[in-house]
Amino acid sequence: MIRFHEVTFAYNSTKVLDNVSFEVKPGEFVFLVGQTGSGKSTILKLIYMDCLPTSGSVMVGKYISSQLGRRETPLLRRTLGIIFQDFRLLDDRSIYDNVAFTLHVTGVKGAEIRKRVLRALAEVGLSHQRNKMPAELSGGEQQRVVIARALVNTPHFLLADEPTGNLDPTTSREILQLLKDINTRGTAIIMATHNYELVRRVNERILQVREGKVYEVELRAS
Amino acid sequence: MSFSYTVRESVSGFRRTRLSSTLSIVTICIALLLMGLFAVITIHAERFLEDLRNRVELEAFLVEPAATVAIDSIGQVITAFEGVDSVMYVSKATAAEIFKREFGEDILTVLDFNPLPPSLKIYLKDGYKTSRQVQIMETRLRTMPEIESVIYHKAMLEVIDKRAGNIHNVTLALGVFISLSAIVLVSNTIRLAIYAKRKLIRTMELVGATRMFIRLPFLLEGILQGIIGGVLAVGLLYGILGYLLRLVSPELAAFVHMEPAFYVAVLAAGALLGFTGSVISVLRFIGSGNGH
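So the sequences go chain by chain: A and B.
According to the working numbering, the stretch in the first sequence is residues 1 to 222, in order.
According to the working numbering, the stretch in the second sequence is residues 1001 to 1292, in order.
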């Protein structure tokens, strides 16, 4: 469970979020929509506690922002998978090593790493590309690698920050379908996007970030 | 956390950022070379002063005529003085022989008699060869009625004491300056290496790496760079002291000699320098930007 309780976040005395409260339950698929700069990424950062609320609290599973110790931040992040618009792949190592990296970091042993990496790559349809370098892949394929990297640690929540922002419409739809499939298998997904066309394609919960507030949005049938 | 993975990451990190790694190694090598040459100069300057100091002796001339029994007892009294290592009796005849050796003429031929008084040469223990201690000894000897006068190289001893003090102060100041400069240089170079890997560090943070896991490869890399810089510096120092110096000044080369422990110390200083430099950069630039 992710719970925002009366969260206010100010950056350089500018209020980005103002007294925001909402919940995301395990297994949910939630779109976080809003204009660029509205605070979508800030909400995701507050979830993986890259920044902390100015007031109020964020709860992610058993971790609460107001009680989070320095040493607990990495442990919290191991329960999450994070996907970025700009991929953030390590271009000095292969696709396999990029995905395995997460497991090395979290102390998983050799044979288990191999099994889990190959499974994650199979899930995103890239097993055959495992020895390639990131630069040799298309944008859509690179985003699939990022999804595999986020999935390999079997996270409870997958946070996707504009995952289709750099992709063409067809590839964007494929990525969305992939995320839907992952969600069907039980992983909760919070996807920040400003691509309303994509949001309209699937019937999922929508949270709109506007002027520092978060609103539940119902899609009107068109 | 897997230690073998950390080691592999350090070594491959080394390959991935060749330019900044090479820069670190060259910086460490130059710093060690400077520190090494400085140590060689300091050690030999002190060794030279110590050689001079070891030549310090007092010569107490005895009142004539001195009876053999009296000479023996004076010798025993002086030997018991604090700081005296040994006492050697120089008879009138021996003094005449020394004169002949030094001037090439027999004093008896020149003057028909031997005017040289018998004397006692007093050698001091290490730690008592300072101008202050020698002065105390001189005053004590002068109070003895059997002794007419006392001589020693007062001016030379004063110069040695003054220079030794200066060398110590300059050595300390320069040593601290060179070490600090080296640490600042190395830490800056390693900071560049960390900057080059900021994407890797950020990704590590986001996938749940502990701060120690992120920092450790950089610390190991720093030590590794320090050791490589140290090996290069040892090679260069050995080449300079063993070959280049012999070509430029064979006399100086014969005087200059460094023990193997010196080269081991340079190597250890390299590892320490790499480690300290990376600790400074790593503590400042890794793991301090997550909002806590």
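Since the hints were made in silico from the structure, they are not lab data.
Take these hints with a grain of salt, some might be off.
Said to hold, decoys possible - Facing chain A, from chain B, some residues (calculated, C-beta under 10 Å):
(1) Tyr1005
(2) Arg1101
(3) Gly1104
(4) Asp1106
(5) Ile1107
(6) Leu1111
(7) Asp1112
(8) Gly1175
(9) Lys1199
(10) Arg1202
(11) Thr1203
(12) Thr1210
Unchecked claim - Heads up, simulated DSS-like pairs for lysine-lysine below, C-alpha to C-alpha not over 30 Å straight-line:
(13) B:Lys1162 / B:Lys1199
(14) B:Lys1199 / A:Lys115
(15) A:Lys109 / B:Lys1199
(16) A:Lys115 / A:Lys132
(17) A:Lys109 / A:Lys213
(18) B:Lys1162 / B:Lys1100
(19) B:Lys1125 / A:Lys132
(20) A:Lys45 / A:Lys15
(21) A:Lys180 / A:Lys132
(22) A:Lys62 / A:Lys45
(23) B:Lys1162 / B:Lys1121
(24) A:Lys213 / A:Lys25
(25) A:Lys132 / A:Lys109
(26) B:Lys1199 / B:Lys1154
(27) B:Lys1199 / A:Lys45
(28) A:Lys62 / B:Lys1162
(29) A:Lys180 / B:Lys1199
(30) A:Lys213 / A:Lys115
(31) A:Lys115 / A:Lys15
(32) B:Lys1199 / A:Lys15
(33) B:Lys1092 / B:Lys1121
Where is the CB? At the ideal position from N, CA and C, for every residue including glycine.
Right, here's what the structure says about each hint:
A least Cβ separation of about 5 Å between Tyr1005 (chain B) and chain A falls short of the 10 Å threshold, and the interface hint therefore holds. A distance limit of 10 Å between C-beta atoms decides the matter here; for Arg1101 (chain B) the minimum to chain A is near 78 Å, and the interface restraint is violated. Interface restraint check: Gly1104 (chain B) against chain A, minimum CB-CB distance 81 Å, threshold 10 Å, status violated. The beta carbon of Asp1106 (chain B) is not positioned within 10 Å of any beta carbon in chain A (closest approach about 89 Å), and the interface hint is therefore violated.
Nearest Cβ of chain A to the Cβ of Ile1107 (chain B): about 88 Å, over the 10 Å cut. The hint is violated. Interface restraint check: Leu1111 (chain B) against chain A, minimum CB-CB distance 93 Å, threshold 10 Å, status violated. Given hint, Asp1112 (chain B) at the interface with chain A, is violated; its Cβ is 97 Å from that chain's nearest Cβ, farther than 10 Å. Among the interface hints, the one on Gly1175 (chain B) is violated; its C-beta lies about 38 Å from the nearest C-beta in chain A, farther than the 10 Å criterion.
About 7 Å separates the beta-carbon of Lys1199 (chain B) from the nearest beta-carbon of chain A, less than 10 Å, and the hint is met. At about 7 Å, the closest approach between the beta carbon of Arg1202 (chain B) and any beta carbon in chain A falls short of 10 Å, and the interface hint on this residue holds. Checking Thr1203 (chain B) against chain A: minimum C-beta separation of about 6 Å stays under 10 Å; hint holds. A hinted interface residue such as Thr1210 (chain B) counts as satisfied when its beta carbon comes closer than 10 Å to some beta carbon of chain A; here the least separation is about 5 Å, so the hint holds.
With a C-alpha separation of about 57 Å, the suggested pairing of Lys1162 (chain B) with Lys1199 (chain B) is violated against the 30 Å cut-off. Between Lys1199 (chain B) and Lys115 (chain A) the alpha-carbon distance is near 26 Å, which keeps this suggested pair within the 30 Å criterion. Proposed proximity of Lys109 (chain A) and Lys1199 (chain B) is supported: the alpha carbons are some 24 Å apart, at most 30 Å. For the given pair, Lys115 (chain A) sits about 18 Å from Lys132 (chain A) by alpha-carbon distance, which is consistent with the 30 Å threshold.
The straight-line distance between the Cα atoms of Lys109 (chain A) and Lys213 (chain A) is roughly 44 Å, outside the 30 Å bound, and the hint therefore fails. A C-alpha spacing of about 35 Å is found between Lys1162 (chain B) and Lys1100 (chain B), which places the hinted pair above 30 Å, so the restraint is violated. Distance hint between Lys1125 (chain B) and Lys132 (chain A) is unfulfilled; the C-alpha atoms sit about 76 Å from each other, more than 30 Å. Under the criterion of a C-alpha separation no larger than 30 Å, the hint pairing Lys45 (chain A) with Lys15 (chain A) is consistent with the structure, at around 15 Å.
Annotation: proposed proximity of Lys180 (chain A) to Lys132 (chain A) holds, straight-line Cα distance about 26 Å (limit 30 Å). Straight-line distance between C-alpha atoms of Lys62 (chain A) and Lys45 (chain A) comes to about 17 Å, which keeps the hinted pair within the 30 Å bound. At most 30 Å may separate the alpha-carbon atoms for a hinted pair to count; Lys1162 (chain B) and Lys1121 (chain B) meet this at roughly 25 Å. Between Lys213 (chain A) and Lys25 (chain A), the direct Cα distance comes to roughly 20 Å. Compliance with the 30 Å bound is thereby established for this hinted pair.
For the hint pairing Lys132 (chain A) with Lys109 (chain A), the CA-to-CA distance comes to about 23 Å; that is within 30 Å, so the pair holds. Distance hint between Lys1199 (chain B) and Lys1154 (chain B) is unfulfilled; the C-alpha atoms sit about 69 Å from each other, more than 30 Å. Note on Lys1199 (chain B) and Lys45 (chain A): the hinted pairing holds, with a Cα-Cα distance of about 17 Å set against a maximum of 30 Å. Between Lys62 (chain A) and Lys1162 (chain B) the CA atoms are separated by roughly 71 Å; this puts the pair beyond 30 Å, and the hint is violated.
With a C-alpha separation of about 29 Å, the suggested pair Lys180 (chain A) and Lys1199 (chain B) falls inside the 30 Å cut-off, and the hint holds. About 43 Å separates the Cα atoms of Lys213 (chain A) and Lys115 (chain A), which puts this hinted pair outside 30 Å; it is violated. Annotation: proposed proximity of Lys115 (chain A) to Lys15 (chain A) is violated, straight-line Cα distance about 45 Å (limit 30 Å). Our distance criterion of 30 Å between C-alpha atoms is met by Lys1199 (chain B) and Lys15 (chain A), whose separation comes to about 28 Å.
Of the supplied pair hints, the one linking Lys1092 (chain B) and Lys1121 (chain B) holds, its CA atoms being roughly 13 Å apart against a limit of 30 Å.
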